Amino acid sequence: MANGSVRLLTVFVILIALAIGLAGTEVFAQKAGEPIVIGAPVPRASNYGQNGERGMILATEEINKAGGVKLGGVMRPIKLEIIDSRDEEPGVPTSEVLLAIEKLILQTKVDLVAGGPCMSECGMAALDTFARYKKLDMVSIGCYTPGWDEKVSKDKQKYKYSFRESGSVKWYVKEALDLLRQMKTKFGFDKIYVSIDDSAMCRRASEIVEKLAAKDGWKIVGKDKHPIGSTDYSAALTECKNSGAQILFVWAYAPETSILMKQWASMEVPALPIGFIGAAEDPGFWRATDGKCAYSIVTLSETGNVPSKATPKAMQFYEAFKQRWGVPPRSTGCVSAYEAMYVLKDAIERANSLKEEDLIAALEKTNLEAVRGTIRFDENHQVVYGYDPKNSVLGCWVQWQNGERVQIFPEVAAMAEVKLPPWIKR
Amino acid sequence: MAAQDVRKKRLDRSINVRSTGLYALNSYREMAYLLAPRLLLIVGLLALPLFLDHYWQRVFCTAGVFAILALSFDFLAEYVGLVCLGGALFIGFGGYGAGLLNSEFGLPPWASIPLAAVIGACVSTVVIMPCLRLRGIYFAIITFMLPLFARNVIVALGLFGSTEGITGLDTLPNIWVEQYVILIGVLIVLFALRRFVSEDVGLIMMGIKDNDQAVLAAGISIFRYRVLAVFIAALIGCFAGAYLSHLYGWLGLSLFAMDFSILPIAATVMGGMGTLVGPVIGALMLSPLSEALRGMGQLRVVLYCFILLIFILYKPEGLMNFLERKYHQFERVEKV
Amino acid sequence: MESVIVYGAINSITFALTAIGFSLVYGVSRVPNFAHGAIYVLVGFITWSLVNDLNLNYGLSIIISLAIASLIGLGIYQFVLIRLRGMPTSEIIASFAVSLIILEGLRLQGVGGFKGFIGPNYVLKPFFDGKIEISGVFVDYQRLIVVGAGVALAAILWLFTHYTKMGLSLRAIAQDEQAALMLGINSDRAGMTAMAIGSALAGLAAVIILPLGNITAEAGYHVLIYALAVCIIGGLGSWAGTILASFLVGFAMKFSTFMFGAVWESVVLIGTIILVLLIRPSGLLGKQKELEERV
Chain H
1 MANGSVRLLT VFVILIALAI GLAGTEVFAQ KAGEPIVIGA PVPRASNYGQ
51 NGERGMILAT EEINKAGGVK LGGVMRPIKL EIIDSRDEEP GVPTSEVLLA
101 IEKLILQTKV DLVAGGPCMS ECGMAALDTF ARYKKLDMVS IGCYTPGWDE
151 KVSKDKQKYK YSFRESGSVK WYVKEALDLL RQMKTKFGFD KIYVSIDDSA
201 MCRRASEIVE KLAAKDGWKI VGKDKHPIGS TDYSAALTEC KNSGAQILFV
251 WAYAPETSIL MKQWASMEVP ALPIGFIGAA EDPGFWRATD GKCAYSIVTL
301 SETGNVPSKA TPKAMQFYEA FKQRWGVPPR STGCVSAYEA MYVLKDAIER
351 ANSLKEEDLI AALEKTNLEA VRGTIRFDEN HQVVYGYDPK NSVLGCWVQW
401 QNGERVQIFP EVAAMAEVKL PPWIKR
Chain L
1 MAAQDVRKKR LDRSINVRST GLYALNSYRE MAYLLAPRLL LIVGLLALPL
51 FLDHYWQRVF CTAGVFAILA LSFDFLAEYV GLVCLGGALF IGFGGYGAGL
101 LNSEFGLPPW ASIPLAAVIG ACVSTVVIMP CLRLRGIYFA IITFMLPLFA
151 RNVIVALGLF GSTEGITGLD TLPNIWVEQY VILIGVLIVL FALRRFVSED
201 VGLIMMGIKD NDQAVLAAGI SIFRYRVLAV FIAALIGCFA GAYLSHLYGW
251 LGLSLFAMDF SILPIAATVM GGMGTLVGPV IGALMLSPLS EALRGMGQLR
301 VVLYCFILLI FILYKPEGLM NFLERKYHQF ERVEKV
Chain X
1 MESVIVYGAI NSITFALTAI GFSLVYGVSR VPNFAHGAIY VLVGFITWSL
51 VNDLNLNYGL SIIISLAIAS LIGLGIYQFV LIRLRGMPTS EIIASFAVSL
101 IILEGLRLQG VGGFKGFIGP NYVLKPFFDG KIEISGVFVD YQRLIVVGAG
151 VALAAILWLF THYTKMGLSL RAIAQDEQAA LMLGINSDRA GMTAMAIGSA
201 LAGLAAVIIL PLGNITAEAG YHVLIYALAV CIIGGLGSWA GTILASFLVG
251 FAMKFSTFMF GAVWESVVLI GTIILVLLIR PSGLLGKQKE LEERV
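Chains as they are written, first to last, in my numbering: chain H, 1 to 426; chain L, 1 to 336; chain X, 1 to 295.
Hints in this document: simulated from the structure, not taken from any laboratory. The reader is advised that the hints may include incorrect statements.
[Stated by the list, open to error] For lysine-lysine, the following BS3-like pairs were computed, each having C-alpha atoms within a straight-line distance of at most 30 angstroms: (1) X:K125 <-> H:K419; (2) H:K154 <-> H:K292; (3) H:K211 <-> H:K184; (4) X:K165 <-> H:K225; (5) H:K70 <-> H:K215; (6) X:K165 <-> H:K292; (7) H:K70 <-> H:K425; (8) L:K8 <-> L:K315; (9) H:K241 <-> X:K165; (10) H:K211 <-> H:K151.
Keep in mind it's a predicted model, so treat the numbers as computed, not measured.
Next comes chain H alone, as it looks inside the complex (with noise of 0.2 angstroms):
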């Protein structure tokens, strides 16, 4: 029938108008207008992207309320452009991810980028991308990779664009063994079982954590690499039950290890559950687990993800985010991407300009006091951190005790003490 086909082809038409329409809408934000536009690429499909959009809105609001940012003696407020960059979904390609941040860059034409990709893959990417727009970008959700620094080393020039003000999983490790040697000298355990997720990272991580921890007198007396997604632990909770470790080292991501604690606690390993855990980060752990979670000790990377007195703004932090979103802050992202719009501030506000080269000048001189101790930046744009709130910013591990994450360590954040379950015996 003709007036089908009619009626086929104008609805064609109006979704083909629909997507240009949508698309033009881009807003064309000029420079030399009022707010300072800032580019946020935030992958809301991960939780880690939802962490780091909520702590920058938060920070944005609280800037905001307070006048804003004084540039050229003027007070004018951020704008934040958030586009979702998609790079944890797993269907999609790193090109749709830089594409994304391209469209910051050459549509909505932002003054800065903050937030960035959280995965490695992209986040290494996207380096490149920014050193190709000349376009200042502050890291501050995720990407831990040692490879970005090793990075913006080898060319400093080329990649001067970019900070990192999130972490770096190298000092994560360090932390882990610091936290090691602090149970070995309490407890006085010195067995290690390691299980870990097939990815590329946690295998290096892992090699460098056994690398130093053997140098610290501990004994490695098992490994085990599973499949990221497996569903069946009880062949390597077996293996680490039977070799008589003390603690069992885990670093995974995947939602699926949920299942790696409800196993661990219905075999009742003697071993005590330490690592990068990215299911154990989340509030909703212990409901999820039935409360088998209990006692497993997991690092959230950034002090003020829990109550804690290190700094006088971590409390403060703490109750304003609750407060804004209504439940706790997670893990990662949630104070950095929060502290990055503080640094873009404090920066923006010394350099009295919105010229990069200014910019970098001025970011690598930050010495901001933050929510998780001192904000500084290293020779590679790399956040500082450290045990010492006065010059260096804190991570965050914490043990699962009552339903809730308690900080154990670093000593000077720490709220309580490590606790072991019922059928360790010491």
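Since chain H is already given, all that's left is putting chains L and X on it; use the hints.
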């Protein structure tokens, strides 16, 4: 006395009849009738980058990659009878090939892209070969599984940068080169495939699709022709993949992303299966649409599949077939 | 070693449970139901929603979601597949599209206030909490239920297809559609029944297996792939072959984990598939269809 019945009558346009065969050279009008759509396509595509701003030019480049993938899907599905649910496999092999040639051996893009296309095609064909002796459904299932397996193998063996990929590859000199390389690639592939399917080899492949027992009875080895067809489709797919890795200067596991498998299928069904032009137009439409819907996350995939489903169920001929029909024929309602 | 045997058996029956639904549908109506994995995951989430959001009794939720699964299967057949019978290209694409709509739809975030199902918090409670020891290997009750259910299901299906009218007609259509039509068996009705039963089986597998871990949308793709792999190795359309193949694959994967490490699981799987395709192309027990399958 029965009530008046009406029926729709479809007739070739007179100009269509007049321009068949050699008679097309009769006058300029007939030649224009035949050339106009093709010229419109070529000139339109070549001129399009001049009207786009920098951002949309980048989108155009990725749309070109999808267009080539859609072409390979359409070729396999409609001209050989093999439904390939894993376009990502070709992109992955091509992308990894080009990236590795560039980073390990230092080959510049203009050498690594063609080389990677050929090598990637060989590897893809070898991997797919075991299932080519069987019915088409095995092909569909295997190609669906292969990209996911390829990812697992790469991660398991820790090869090629594993989950982090390799970045910092050479990119093409500037945006204009990037666009025109892919554009001319699309046009060449399109017209080459159209020519190919009218050759004897192409006819045999269509015969295999329609009735494989008959072709077998003619003493022709179905296996060999299927291998050839897969090789050709893999060649163009790997070319697209190699180009993509040099577009952004990166290679990684996400080259095997499912997005590369789904969008070409949706583009082909929407654009018109069987007409090789349709998939290209479909890809050029769906790609920007996907960008525009960026804010909606996974909704874009749901949307593609929904469009796909509606088209398959109610308008399986697709856009190009519909337009072609309108161009060559006219309809008229007449009383019986 | 004992753990390999015990967990190998459990793994195999898990595969069998998930694959049998797909095999049933393909055997009867020669339509590959790519939405199999999607229905599996969907049932998991529906049960979760019924239990957690509507606070219904667990058993009741399971029954309701199985019913919903059958209805969805019926719906897919009625509205999508029936129009495309006989066009293999379109059938595959259409069921693939349905599967993607469901799986990606479950991941939708923030559209119209719908908060997608992502994250580690979606768990179904196991039926019984606890574990027993079998020759030195700890096995929790849920896994035993998986084994029990698998065996029971296989027995029920065998009885169904050999002694009930409906089951016999399904087998008839699978063997020779023309002859069955001549005997008055309605192939469309049989196809609908097969889809409904297949979807319900997928749902049943979901509610039994998912309490072992958590529910994620990605599992849909994995389940589909394992079901497909098992069916190819066993022979598309052969029910006994599916079961045999799932044991083969289940044990092979556990052995390879034991000997070489867990990373080689999928390599073993794809290796097995390619090996079977090279040596015995129509699958281990695909004897009946061999002439048709080979081209």
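Okay, the hints, checked on the actual structure:
Annotation: proposed proximity of K125 (chain X) to K419 (chain H) holds, straight-line Cα distance about 27 angstroms (limit 30 angstroms). A threshold of 30 angstroms between alpha carbons decides the hint, and for K154 (chain H) with K292 (chain H) the separation of about 46 angstroms lies outside it, so the pair is violated. Straight-line distance between C-alpha atoms of K211 (chain H) and K184 (chain H) comes to about 17 angstroms, which keeps the hinted pair within the 30 angstroms bound. The hinted pair formed by K165 (chain X) and K225 (chain H) fails the criterion: a straight-line CA distance of about 50 angstroms is larger than 30 angstroms.
Of the pairs offered as hints, the one joining K70 (chain H) and K215 (chain H) is violated, with about 51 angstroms between alpha carbons and a cut-off of 30 angstroms exceeded. With a C-alpha separation of about 48 angstroms, the suggested pairing of K165 (chain X) with K292 (chain H) is violated against the 30 angstroms cut-off. Using a Cα cut-off of 30 angstroms, the hinted pair K70 (chain H) and K425 (chain H) is violated, with the two alpha carbons roughly 59 angstroms apart. A C-alpha spacing of about 18 angstroms is found between K8 (chain L) and K315 (chain L), which places the hinted pair at or below 30 angstroms, so the restraint holds.
Using a Cα cut-off of 30 angstroms, the hinted pair K241 (chain H) and K165 (chain X) is violated, with the two alpha carbons roughly 53 angstroms apart. Only pairs whose Cα atoms come within 30 angstroms are accepted, and K211 (chain H) paired with K151 (chain H) is accepted, the gap being roughly 24 angstroms.
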